[in-house]
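Participant: If you follow the hints, you should be able to join the two separate chains into one complex; please do so.
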Amino acid sequence: MHQKSVAEISAALHAGETSSRELTDALLARIEQLEPRLNSLITVTAEQARAAADAADERLRAGEAGPLTGVPLVHKDIFCTDGVATTCGSRMLEPFRAPYDATVVRRLADAGAVMLGKANMDEFAMGSSNETSYFGPVRNPWDLEAVPGGSSGGAAAAVAARLAPAATGTDTGGSIRQPAALSGVCGLKPTYGRVSRYGMVAFASSLDQAGPLARTAEDLALLLGGMAGLDERDSTSVDHVVPDYSEALNRSIKGLRVGVPAEFFGEGLDADVRSRVNAALEVLEGEGAELVEVSLPSMELALPAYYVIAPAEASSNLARFDGVRFGYRCAEPQSIEDLYKRSRGEGFGDEVKRRILVGTYALSAGYYDAYYGKAQQVRRLVADDFRNALEEVDVLAGPTSPTPAFDLGERADDPVQMYLSDIYTLGVNLAGLPGLSVPAGFARGRPVGLQLIGGYFDEARLLNVAHKYQQLTDWHRQVPQGFE
Amino acid sequence: MAIEAKEVEAIAHLARIQVDDGAVAGYARDLSGILDFVEQMSTVDTQGVEPMAHPWDAAQRLRPDEVTEPSRRDHYQAGVPAVEAGLYLVPRVVE
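For the record, the sequence lines run as chains D and Z. With my numbering, the residue at position 265 of the first sequence is 265, and numbering never jumps. With my numbering, the residue at position 49 of the second sequence is 49, and numbering never jumps.
Next comes chain Z alone, as it looks inside the complex (with noise of 0.2 Å):
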């Protein structure tokens, strides 16, 4: 399976992941690479084989809804990028 160039720049707009220019050829090359092993998979005929998602086939396990946890935000939030008034700050998303 041969990864184009363009491909790479789409899954890694899908990604939200820079990726320079001069990289690209060679992320090509190596997702190419990965998807030609990956594909041995399909030497297997798994009709009717239920796909396994987890370790245990078991339901996940519910709590009351009740508040358990304190209000920490400050603390959480020492150390971020940029906050302002316990809010997150980004570029401007409505113009």
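Here chain D stands alone, though its shape is the one from the complex (with noise of 0.2 Å):
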């Protein structure tokens, strides 16, 4: 049963073939044994699980059941869980228990999905390998000597490990898509807006977006329905119709214009990835899409501009964390400023600090315009390049990640050559468009992915295309070694 899917596992709780009670005590049971090697969950919410589990089967019963009821999944520990232990992996909020849920939590319970527990991640979604998590690295199912990405790195672990069928997670700069290719899954970041940030632990919030990870982009298609929509209480979220994101997935995708950013495909790219990425283009070619050869000129200037923006964005969240109302607070301060500085100092990890660091360097007097107010102007020309292709085709398909999974330990000491690993993925936020990773093979024993970016609101699409590979492969069908 822990090899179904989200749909499959729909199908069988719909026909009474199985109970999500039944379901969930599997799960849990699984987690237990192989969670050890991985240490892709923070916090494991096994009394609650059984307990929304059994309700889920009680709507099944009554008939009141949609298609995420009795549904099990792990939420990535950004979301605030009322309750719950919602640590961002972070000392900061290692005592943290949130009064109340994120509207993506809500709406998935009042779907009827059932938490089985928080995925592990990078320390304030900061991190391209979840190896910045107070909580420790996660391991990759695949390779356990290797990263899972990150940094949603726990949750595409649990979801490659087949902890669970499915996740949710965020993305700032390719945090649901990296680490989804680099574990071998399917992962989504929406439009900007597409999905409600409220609850959600902030990061950099003209760039933070959540989404689902699974499997299958079938399975992507439901739970994105599942979140996705307007909620009064994020002002940045946007009134636009969530259409059935199911209907569209078996769409023929011949005559489809495919984009190819030469970009993309530069210097940097692994060999092996770069043939595991041709070949899935050949496969969406032999469906008769059609490959069109296109150029987004700003692309390398997307890295230094996200880098600006990101942490200045971060500098200013993050001074919420004082020691005052919530989380870690240092031993005996002396003085006001002595309990800010010890506070923030002992209760954020270096990753943080240096983030944090960059953007008050960024956005202090007499350098804002040299770097925050440039990376502005950058990120205009980044988003044109895109929105100037996106009339060309109809989506622009490419690597995830210049790279398979690296080394646990590998970048640790270079954060400059770890912020590489998001080359492919940050432009999209900074445009605010949707991306999709697919599982494409396999480079050197590590997965691939292949990257989708389409039209704003153009989620529909990307499933589509994804859904329709998924059919004519079976890198999702392969599971990782010791996980069977």
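Wrong hints could be hidden among the right ones.
[To be verified] Here are some chain D residues the structure puts well away from chain Z; computed CB gaps all over 12 Å:
1) S5
2) A11
3) E145
4) R162
5) D270
6) G288
7) E290
[As the list claims (entries may be wrong)] The following label-pair restraints were derived from C-beta to C-beta distances:
8) D:D54 with Z:A10: 56 to 64 Å
9) Z:V94 with D:E232: 35 to 43 Å
10) D:E247 with Z:H13: 52 to 60 Å
11) Z:P70 with D:R320: 16 to 24 Å
12) Z:E69 with D:E58: 24 to 32 Å
13) D:E232 with Z:V93: 35 to 43 Å
14) Z:R61 with D:P95: 33 to 41 Å
15) Z:L14 with D:A11: 55 to 63 Å
16) Z:T43 with D:R320: 16 to 24 Å
Treat the hints as calculated values from the structure; they're not laboratory data. All values reported here derive from a predicted model rather than from experimental measurement. Just so it is clear, CB atoms sit at the ideal spot from N, CA and C, and this is done for glycine as well.
Facilitator: Written out as structure tokens, the structure reads:
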């Protein structure tokens, strides 16, 4: 049963072939057995899960169930969950129990989904390897010496290891798509504003977006349907109709114009990743899609612009963690300044401090125009590149990340090397577009992702293309050794 | 762009983050590396380009100025570092 997708589980539940309780118990037992190898979850909510599963079974019996009723999943530990630890991977929030649910959590719970636990992540979602978590690194199920990617590394690893059929994640510069690629699962970052950010611990507010991870595009469609939509509590959530994402999955992609950005295949792209992605593009071509070379000339500036904008917004957002109103407080503060400084100095890890310092510098008097102002102008150029390219083609396609998963510790000492892992994903966040990663094979035994990028609110088309690709390939049906 | 130890200390003060003396050199090196890297932006001419603050260049959505939430202060203050009579306790700020 743990091998089944969300869609298969949903069908089995509705047909009465199994119960949510049976499934939940089986997955909790599996978590207990296998989780020590991975460290993918920070909190397991077994008791609550069983109660939610029983309630879901009641709804199924009463004929009041939807497609997500009784489906188990894990939430990235960045989403507030009422009464449950919400650590954001940080010592700063280790003592924090959220007093309310994030809208994403609330909507999925209302749909009857069953939370099994909270997934490990890079501290405050700052990282590309899950190594910055205060709760320790996560291991990649495909190779326990490799990182799972980040920042939604625990979510991706849990789904890949079949501890849960699905997970929620957040993506500020690639934090859903890159770990999905490195861990061999599907991940979707929706259009900015598609999903509410209410109750999601803020990193960079003009870039952050929540989305689902699962093993199939079909499942992403079901989950996005449960997450998306206007929320009065998030003033940046967009009032745009939520379509039935499952409806368009099987549409033919004959004649679909797929733009292949030359800049995604340049220097720095691993040769084995390149050949896997090219093979995936040929599969789409074989289905009648037309490959068109396009150019995103400002793309090489996306990474530097991102590493000004994201830290600048973070330095402002994380000012709230001051040791006064929630979370960690240093022992015996001597003055208010000492309270602030030591609570933050001791509560935040290295990468978070590094980014707050970069952001503070970029926003400080005398440097604002040279860094933050300049980065916002470059952001416009990057967004215009995507806009222009997407006038010529229906979707863009390329690698999700330039290399397969790297070894634990390999890039831990060099922040800029680590940042390069998101070189193909973060431009999408600067523009606010939707992007999806789908498993496209293996390079030296580690998974490779194909990234699809669409126009604003064109998630249905990305899901359609990914679903077609998965019908013609079986990468998503392969199971990491030891997690069968 | 080389960041000196003194600058790290100044930025850390602005950010209200205690950085131990032993860690200052490491941050100076990392920050210099990151700022060198983002310096690439200066290779492009952005004269006249409108800065982009947000994916939607739209005005913030407003709602009627009405109370919509009940008072849940006790609930929100459960688990707070130090609270008394509904107030957050901090070291003396006025001598």
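Participant: Take the hints in turn and mark each one as holding or not.
Facilitator: Right, here's what the structure says about each hint:
no.	hint	verdict
1	S5	31 Å, holds
2	A11	37 Å, holds
3	E145	26 Å, holds
4	R162	34 Å, holds
5	D270	21 Å, holds
6	G288	32 Å, holds
7	E290	28 Å, holds
8	D:D54 with Z:A10: 56 to 64 Å	57 Å, holds
9	Z:V94 with D:E232: 35 to 43 Å	39 Å, holds
10	D:E247 with Z:H13: 52 to 60 Å	56 Å, holds
11	Z:P70 with D:R320: 16 to 24 Å	22 Å, holds
12	Z:E69 with D:E58: 24 to 32 Å	30 Å, holds
13	D:E232 with Z:V93: 35 to 43 Å	36 Å, holds
14	Z:R61 with D:P95: 33 to 41 Å	34 Å, holds
15	Z:L14 with D:A11: 55 to 63 Å	56 Å, holds
16	Z:T43 with D:R320: 16 to 24 Å	36 Å, violated
When each numbered hint is compared with the structure, a violation occurs for hint 16 only.
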